[in-house]
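Letter 55 of the sequence shown, counting from 1, is numbered 55 in the working numbering, and no numbers are missing.
It should be emphasised that the hints constitute simulated quantities derived from the structure, not laboratory data.
Treat the hints with care, as some may be off.
Here are the simulated distance ranges between beta carbons [to be verified]:
1. G43 x K105: 16 to 26 Å
2. E5 x G100: 15 to 25 Å
3. Q3 x E131: 18 to 28 Å
Straight-line distance between alpha carbons at most 20 Å, and here's what the computed EDC-like set of lysine to aspartate or glutamate pairs gives [unchecked claim]:
4. K41 x D17
5. K68 x E131
6. K41 x D101
7. K7 x E40
8. K105 x E141
9. K68 x E144
10. K41 x E24
11. K68 x E141
12. K7 x D31
13. K7 x E39
14. K68 x E91
15. K7 x D52
16. K105 x E78
17. K7 x E53
Where is the CB? At the ideal position from N, CA and C, for every residue including glycine.
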Amino acid sequence: MPQLETKPFGSIEVSEDSILEFPEGILGFEDYRNFAILEEKEGPFHWLQSADESGLAFIILRPQLILKDYEPAVLPMELQSLQVDNVTECEVYLIVTIPGDHPEKMTANLQGPILVNRNIRQARQVISMNESHLVRVPILELLEA
Numbered sequence: 001m002p003q004l005e006t007k008p009f010g011s012i013e014v015s016e017d018s019i020l021e022f023p024e025g026i027l028g029f030e031d032y033r034n035f036a037i038l039e040e041k042e043g044p045f046h047w048l049q050s051a052d053e054s055g056l057a058f059i060i061l062r063p064q065l066i067l068k069d070y071e072p073a074v075l076p077m078e079l080q081s082l083q084v085d086n087v088t089e090c091e092v093y094l095i096v097t098i099p100g101d102h103p104e105k106m107t108a109n110l111q112g113p114i115l116v117n118r119n120i121r122q123a124r125q126v127i128s129m130n131e132s133h134l135v136r137v138p139i140l141e142l143l144e145a
């Protein structure tokens, strides 16, 4: 099993199938193509950890935890690149930003979700064409709504 160097957890073992390829990288981090989702057993947040750079990790969560009916409006060519016909065939995650000095102001990126097709071990950050899906949506406000 491959070893993954991580900043938050140190060196951890992951299965070969847990490494996902992002053929186009993540927006702003296009040079990094291989990531693993490190699922937290407790709590809503997981880590999207780069397999190429130990210091590169994103906090992610499943959108249904904050918006039950969230479904990104995705271009057909983006779905085709993941070899699916519909978003519902993918695992969907949102990237979370937690300001160090004000964690209560954490936000989720509804406009740029991560779609994962585990069958082909590929993932992609896509742009939701739904105009109500904003880049920085306050998570606590959604939970209180």
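Do the hints match the structure? See the list:
no. : hint                   : verdict
1   : G43 x K105: 16 to 26 Å : holds, 18 Å
2   : E5 x G100: 15 to 25 Å  : holds, 22 Å
3   : Q3 x E131: 18 to 28 Å  : violated, 43 Å
4   : K41 x D17              : holds, 19 Å
5   : K68 x E131             : holds, 18 Å
6   : K41 x D101             : violated, 25 Å
7   : K7 x E40               : holds, 15 Å
8   : K105 x E141            : holds, 9 Å
9   : K68 x E144             : holds, 13 Å
10  : K41 x E24              : violated, 29 Å
11  : K68 x E141             : holds, 14 Å
12  : K7 x D31               : holds, 19 Å
13  : K7 x E39               : holds, 15 Å
14  : K68 x E91              : holds, 14 Å
15  : K7 x D52               : holds, 12 Å
16  : K105 x E78             : violated, 31 Å
17  : K7 x E53               : holds, 9 Å
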